[in-house]
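If you're matching them up, the sequences are chains A and B in order.
Using numbering that gives the first Met the number 0, read the first sequence as starting at 0 and increasing by one per residue.
Using numbering that gives the first Met the number 0, read the second sequence as starting at 0 and increasing by one per residue.
Just so you know, not all the hints are guaranteed correct.
Below are the PhoX-like pairs computed for lysine-lysine, each with C-alpha atoms no more than 20 Å apart in a straight line [unchecked claim]: (1) A/Lys165 x A/Lys142; (2) A/Lys85 x A/Lys64; (3) A/Lys216 x B/Lys297; (4) A/Lys205 x B/Lys192; (5) A/Lys297 x B/Lys216; (6) A/Lys166 x A/Lys140; (7) B/Lys275 x A/Lys297; (8) B/Lys192 x B/Lys165; (9) A/Lys188 x B/Lys275; (10) A/Lys275 x B/Lys188.
The hints are simulated quantities; they were obtained by calculation from the structure and are not laboratory data.
There are 2 protein chains.
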Amino acid sequence: MNKLLIVGTVAFDAIETPFGKTDKILGGAATYIGLSSSFFNVDAAIVSVVGEDFPKEHLDLLANKGINIEGIEIVKGGKTFFWSGKYHNDLNSRDTLVTELNVLADFNPIVPNAYKNAEVVLLGNLHPLVQTGVLDQMETKPKLIVLDTMNFWMDCALPELLDVIKKVDVITINDEEARQLSGEYSLVKASQKIQTMGPKYVVIKKGEHGALLFHNKEVFFAPALPLEEVFDPTGAGDTFAGGFAGYIAQSENISFDNMKNGIIYGSNLASFCVEKFGTERMEKLEKEEVIARLQQFKALTQFEIELD
Amino acid sequence: MNKLLIVGTVAFDAIETPFGKTDKILGGAATYIGLSSSFFNVDAAIVSVVGEDFPKEHLDLLANKGINIEGIEIVKGGKTFFWSGKYHNDLNSRDTLVTELNVLADFNPIVPNAYKNAEVVLLGNLHPLVQTGVLDQMETKPKLIVLDTMNFWMDCALPELLDVIKKVDVITINDEEARQLSGEYSLVKASQKIQTMGPKYVVIKKGEHGALLFHNKEVFFAPALPLEEVFDPTGAGDTFAGGFAGYIAQSENISFDNMKNGIIYGSNLASFCVEKFGTERMEKLEKEEVIARLQQFKALTQFEIELD
Numbered sequence: 000m001n002k003l004l005i006v007g008t009v010a011f012d013a014i015e016t017p018f019g020k021t022d023k024i025l026g027g028a029a030t031y032i033g034l035s036s037s038f039f040n041v042d043a044a045i046v047s048v049v050g051e052d053f054p055k056e057h058l059d060l061l062a063n064k065g066i067n068i069e070g071i072e073i074v075k076g077g078k079t080f081f082w083s084g085k086y087h088n089d090l091n092s093r094d095t096l097v098t099e100l101n102v103l104a105d106f107n108p109i110v111p112n113a114y115k116n117a118e119v120v121l122l123g124n125l126h127p128l129v130q131t132g133v134l135d136q137m138e139t140k141p142k143l144i145v146l147d148t149m150n151f152w153m154d155c156a157l158p159e160l161l162d163v164i165k166k167v168d169v170i171t172i173n174d175e176e177a178r179q180l181s182g183e184y185s186l187v188k189a190s191q192k193i194q195t196m197g198p199k200y201v202v203i204k205k206g207e208h209g210a211l212l213f214h215n216k217e218v219f220f221a222p223a224l225p226l227e228e229v230f231d232p233t234g235a236g237d238t239f240a241g242g243f244a245g246y247i248a249q250s251e252n253i254s255f256d257n258m259k260n261g262i263i264y265g266s267n268l269a270s271f272c273v274e275k276f277g278t279e280r281m282e283k284l285e286k287e288e289v290i291a292r293l294q295q296f297k298a299l300t301q302f303e304i305e306l307d
Numbered sequence: 000m001n002k003l004l005i006v007g008t009v010a011f012d013a014i015e016t017p018f019g020k021t022d023k024i025l026g027g028a029a030t031y032i033g034l035s036s037s038f039f040n041v042d043a044a045i046v047s048v049v050g051e052d053f054p055k056e057h058l059d060l061l062a063n064k065g066i067n068i069e070g071i072e073i074v075k076g077g078k079t080f081f082w083s084g085k086y087h088n089d090l091n092s093r094d095t096l097v098t099e100l101n102v103l104a105d106f107n108p109i110v111p112n113a114y115k116n117a118e119v120v121l122l123g124n125l126h127p128l129v130q131t132g133v134l135d136q137m138e139t140k141p142k143l144i145v146l147d148t149m150n151f152w153m154d155c156a157l158p159e160l161l162d163v164i165k166k167v168d169v170i171t172i173n174d175e176e177a178r179q180l181s182g183e184y185s186l187v188k189a190s191q192k193i194q195t196m197g198p199k200y201v202v203i204k205k206g207e208h209g210a211l212l213f214h215n216k217e218v219f220f221a222p223a224l225p226l227e228e229v230f231d232p233t234g235a236g237d238t239f240a241g242g243f244a245g246y247i248a249q250s251e252n253i254s255f256d257n258m259k260n261g262i263i264y265g266s267n268l269a270s271f272c273v274e275k276f277g278t279e280r281m282e283k284l285e286k287e288e289v290i291a292r293l294q295q296f297k298a299l300t301q302f303e304i305e306l307d
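For reference, chain A alone in the conformation it holds in the complex:
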């Protein structure tokens, strides 16, 4: 079984959408990535940090999904990272209400020895120096390194971000971030420019409008599944990345054609994530549901044109 090393936040979220609001619930990029990747036959481990206030049942939930949690440091007397946000009516934009870094402020990631030879590494959205710190601990060169980031680091830590970007194979960012990072409005041109910065594969996430995968002159598109109702978009991007990396790790195949399948799986899993608040849907998701939805993705995208 291939190893997938995940670094990212394990956190508390409090979420408000037009459909309701939650108290502090389980959240964090690595949580969503881990849950999503657990649908594949991989040996996944999370490197993260939480405070002493973090409930054991949340850690048990991850462990029960087969995720190694040895690398989740619990800081004595510390408080867990907390994020609170309120989505606008169209669910496409949100306001951050609270960001309490807490134990994340001094996070020094330690990769468990058993995962220093992981085949696939997924660097979830975190300070670029933390992402670099994880790569520096690897004892064998991973077959694939995937990096997720956001505009915040482009604004506040661009040199450090550019440095870690040089070292990765795949970058996943949204359309606005691709434009900011490249200075190009056209996503085709943006992806070309970003490919010169390091990553040979650029995944541009467009939320409800799907995701694009670029490599050299090739491009592939995975739509988002049209849903009757999107309940809570929190974690959809991380779930997408976790599905992509989990599938690639399972299949041991880093060809462009196989990455197409990876982003279809990513989009598939993300379509479940948004159906309920927080991690609720992903916690109870069954493999059969994922397979059934794969058929929906085929019906949504496959066509047969006979050329005369």
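Knowing the structure of chain A, use the given hints to seat chain B on it.
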């Protein structure tokens, strides 16, 4: 050869985009629809109206593409409909600078006798009463009636619009218009509601984000081709509709599966339309280019996931 009857504007446009501006050039929904449908083996005819100021070479252009122009009335002493618009930097929105209805204000469409038995009718964006007026002249029931409309008629002529919508098989509108017409934010719910208003097939155009085709519980998605540069979006929606209707008319097959091919062709042709100002690209487009781009659409969307 099947007959395709097109009703819509034949007009002058003056367009400004971040890439430049034009004087009065050939424009109008029926013009773009006609040019797009001319890539298929169909007997197409345009019903429209122009003024005496409309250059003969524009009419010749359409005729030379094999389009019957007998139904384009030339009003003695009249002036042709003129629209002028300026696109914003992202090309996703625009301001209308000038709308001079001129001869369109009193347009009374007359369907040539030879097309009163057309198999496919495409009602381009016009006052709903004009669209109804065309349907009333048909002597045999068309196999497929496609209607394009816009928010303007929802605001100003909703009862008349709802009346003509009842009589059509396919409606093509953009995402915001689908939301306005249905009162539903979710495009899935919006399409379900619109299907109860008449059209059994709902095509929702999302511009650079592609197009969705809904029918009962089925849904299909055609992406827009990611382009290095979009030069001028004018006419893209009409080109899309013309490609869809032209393909359906040629293939004599109104199944859902064949409509999938229709919207792929629509998206294909629209991807050329935006590459140059106005009708310039469509005028010179070769069939071989369309076929080559079809391969790009396949590469963009087709995937092979083996289920274990």
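Hints and how they fare:
| no. | hint | verdict |
| --- | --- | --- |
| 1 | A/Lys165 x A/Lys142 | holds, 15 Å |
| 2 | A/Lys85 x A/Lys64 | violated, 29 Å |
| 3 | A/Lys216 x B/Lys297 | holds, 15 Å |
| 4 | A/Lys205 x B/Lys192 | violated, 26 Å |
| 5 | A/Lys297 x B/Lys216 | holds, 15 Å |
| 6 | A/Lys166 x A/Lys140 | holds, 11 Å |
| 7 | B/Lys275 x A/Lys297 | violated, 33 Å |
| 8 | B/Lys192 x B/Lys165 | holds, 13 Å |
| 9 | A/Lys188 x B/Lys275 | holds, 18 Å |
| 10 | A/Lys275 x B/Lys188 | holds, 18 Å |
This entry does not satisfy hints 2, 4, 7, going by the numbered hints stated previously.
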